[in-house]
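> If you read the sequences in order, they're chains W and Y. So for the first sequence, my numbering puts the first residue at 24; every next one is plus one. So for the second sequence, my numbering puts the first residue at 24; every next one is plus one.
Honestly, the hints are just simulated from the structure, not real lab data. There's no promise every hint is true.
Below, a sample of chain W positions facing chain Y; criterion: calculated Cβ distance under 7 Å [claimed, not checked]:
#1 Pro94
#2 Thr103
#3 Thr105
#4 Ala181
#5 His202
#6 Tyr249
#7 Tyr251
#8 Arg254
#9 Ser286
#10 Ser287
Listed next, the stretches of chain W that the computed footprint assigns to chain Y, with coverage defined by at least 3 CB atoms under 8 Å from CB atoms of chain Y [to be verified]:
#11 167-178
#12 184-191
#13 235-247
#14 274-285
Glycine residues also receive a C-beta, built at the ideal position from the N, C-alpha and C atoms.
2 protein chains.
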Amino acid sequence: MKLLGGIEAGGTKFVCMVGSDPGNVRKEEQFPTTTPRETIDRATEFFLPYVQSGELAAIGIASFGPLDLNPGSPTYGYITTTPKPGWSQIDLYGEIQGNLHVPVAFDTDVNAAAFGEQYWLPENRSLDPFIYMTVGTGIGVGVIVNGSPLHGLVHAEAGHFALPHDWHRDPFPGACPYHGDCLEGLASGFSMSSRWGQSPESLPAIHPGWDLEYDYIALALVNLIYAYSPRRIVLGGGVAQHPGLHQAVRCKVRQYLKGYVQSSMLMDKIDEYILPPALGNRSGGLGAIAMADCKQLE
Amino acid sequence: MKLLGGIEAGGTKFVCMVGSDPGNVRKEEQFPTTTPRETIDRATEFFLPYVQSGELAAIGIASFGPLDLNPGSPTYGYITTTPKPGWSQIDLYGEIQGNLHVPVAFDTDVNAAAFGEQYWLPENRSLDPFIYMTVGTGIGVGVIVNGSPLHGLVHAEAGHFALPHDWHRDPFPGACPYHGDCLEGLASGFSMSSRWGQSPESLPAIHPGWDLEYDYIALALVNLIYAYSPRRIVLGGGVAQHPGLHQAVRCKVRQYLKGYVQSSMLMDKIDEYILPPALGNRSGGLGAIAMADCKQLE
Numbered sequence: 024m025k026l027l028g029g030i031e032a033g034g035t036k037f038v039c040m041v042g043s044d045p046g047n048v049r050k051e052e053q054f055p056t057t058t059p060r061e062t063i064d065r066a067t068e069f070f071l072p073y074v075q076s077g078e079l080a081a082i083g084i085a086s087f088g089p090l091d092l093n094p095g096s097p098t099y100g101y102i103t104t105t106p107k108p109g110w111s112q113i114d115l116y117g118e119i120q121g122n123l124h125v126p127v128a129f130d131t132d133v134n135a136a137a138f139g140e141q142y143w144l145p146e147n148r149s150l151d152p153f154i155y156m157t158v159g160t161g162i163g164v165g166v167i168v169n170g171s172p173l174h175g176l177v178h179a180e181a182g183h184f185a186l187p188h189d190w191h192r193d194p195f196p197g198a199c200p201y202h203g204d205c206l207e208g209l210a211s212g213f214s215m216s217s218r219w220g221q222s223p224e225s226l227p228a229i230h231p232g233w234d235l236e237y238d239y240i241a242l243a244l245v246n247l248i249y250a251y252s253p254r255r256i257v258l259g260g261g262v263a264q265h266p267g268l269h270q271a272v273r274c275k276v277r278q279y280l281k282g283y284v285q286s287s288m289l290m291d292k293i294d295e296y297i298l299p300p301a302l303g304n305r306s307g308g309l310g311a312i313a314m315a316d317c318k319q320l321e
Numbered sequence: 024m025k026l027l028g029g030i031e032a033g034g035t036k037f038v039c040m041v042g043s044d045p046g047n048v049r050k051e052e053q054f055p056t057t058t059p060r061e062t063i064d065r066a067t068e069f070f071l072p073y074v075q076s077g078e079l080a081a082i083g084i085a086s087f088g089p090l091d092l093n094p095g096s097p098t099y100g101y102i103t104t105t106p107k108p109g110w111s112q113i114d115l116y117g118e119i120q121g122n123l124h125v126p127v128a129f130d131t132d133v134n135a136a137a138f139g140e141q142y143w144l145p146e147n148r149s150l151d152p153f154i155y156m157t158v159g160t161g162i163g164v165g166v167i168v169n170g171s172p173l174h175g176l177v178h179a180e181a182g183h184f185a186l187p188h189d190w191h192r193d194p195f196p197g198a199c200p201y202h203g204d205c206l207e208g209l210a211s212g213f214s215m216s217s218r219w220g221q222s223p224e225s226l227p228a229i230h231p232g233w234d235l236e237y238d239y240i241a242l243a244l245v246n247l248i249y250a251y252s253p254r255r256i257v258l259g260g261g262v263a264q265h266p267g268l269h270q271a272v273r274c275k276v277r278q279y280l281k282g283y284v285q286s287s288m289l290m291d292k293i294d295e296y297i298l299p300p301a302l303g304n305r306s307g308g309l310g311a312i313a314m315a316d317c318k319q320l321e
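Taking the hints into account, I'd like the entire structure generated from these sequences.
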């Protein structure tokens, strides 16, 4: 049996996996994201034995961005303008392919997570469009339309949506280095830490910061519903693991929609509409393996 | 040569066309949207001679909404919950097909307009995703991904985006009957008339209401850019015909993006990125004919 590789290339850590599907991951390793040279070398070493044995059919890369995903571009496969020191204009796709000489699929971490959640879960296969939103240190959105990740000029950047900001209730100016009080600037884990002086993990369940957080996430989801009319939304990431978050957000989404979108999924079955990731915190890596699975069939 | 029919079914008027393409419209008629019975009968009469002569191959309907576009639904082709008196739960698709017995394509007015602008303009064919936003009495957004209008639970409703609302600058509470100060509630022609006590057509060019309007439209476009990463945005509708609006909006879109999306289209060529409709105010009707053209080939 042929094996597939998956790399979840995050700003904090890289996760590498080899396997064939979520039930058969042969080896998994994670290590901190240091310099591009060191980190890419370490990923290469992880996969090299499987390449040498002839078992590895393809690799998928699920990367932090922004990325150049335009196949006609001379910088296809590059991480473009990240604030992460040393990682701007890094040819992640080209380096991995050059080192390992197998077909490589390449997309954003969130597109890969969306793809994985749809690809590996039979009940999600027919749900189109399909959305994955992560709320962690940052906020990102992946979108699958007709079975393929949405690409255009670049890729979705809905983590930076402009949203209502009630300055009386929330005088925090926002923490996005580009936009200040965009969605990510108001509701990412980083912005919560900046606003409250403590991390989301340590913020007590009764702290009013949570109700504010639920409101921003719900407003973001409402805009995603208006934009794509998705058939399912998977809401993942570290902040979204806070107990009760999904239930509270579902309730607020319904409040904000005000009955405008006539669909029983929103009216009666929102518990089946906005869900935590079925693949847990492995959506990105297993999504990368799903992308590799498609790549080897090309 | 086979002929195609197009119906632009608006809340104020219906426009019916028969032809083969934008350069060959044989007959065109418009009449006010009164009762469903009377209006649908009038559309039927318009097309009947072409059906009886055997010339009409198919009809496209570009309708005001919200619509049921789910082919598996018992109410497929219905206008669902419109506030327009008498038009809720009207089977527009079924009535037209039942009366005329030709294949009928059915979509929202804005999806049809987006489809028409892409279908009939060779230079737009490869621009994917492709967006049409109308700012008129109301606000609507049509989206083409991979050559097809985007459908999901329902269809895009991005006219109701939640957006930043600076209450100091703009104390108007918004005019959307559902959401108050959503995009449509703040920036539609109806909301401008409500806020200023005069219609957009009569609002002087130096009135500060225009600068406010440009800001809301630009924020909406920024959210559309973050959501879809479209390769082109067509901005149409009566309000968008205000002289200088496109130029002012382009400038504000760039300001709000803050250089975040790395694309030469946004950085250097935004004049080719946000454009008025090439088909003028006939995008909807000619889009309906484009839909009919595809339908007859099915």
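> Of the hints stated earlier, which fail here?
1, 3 and 10
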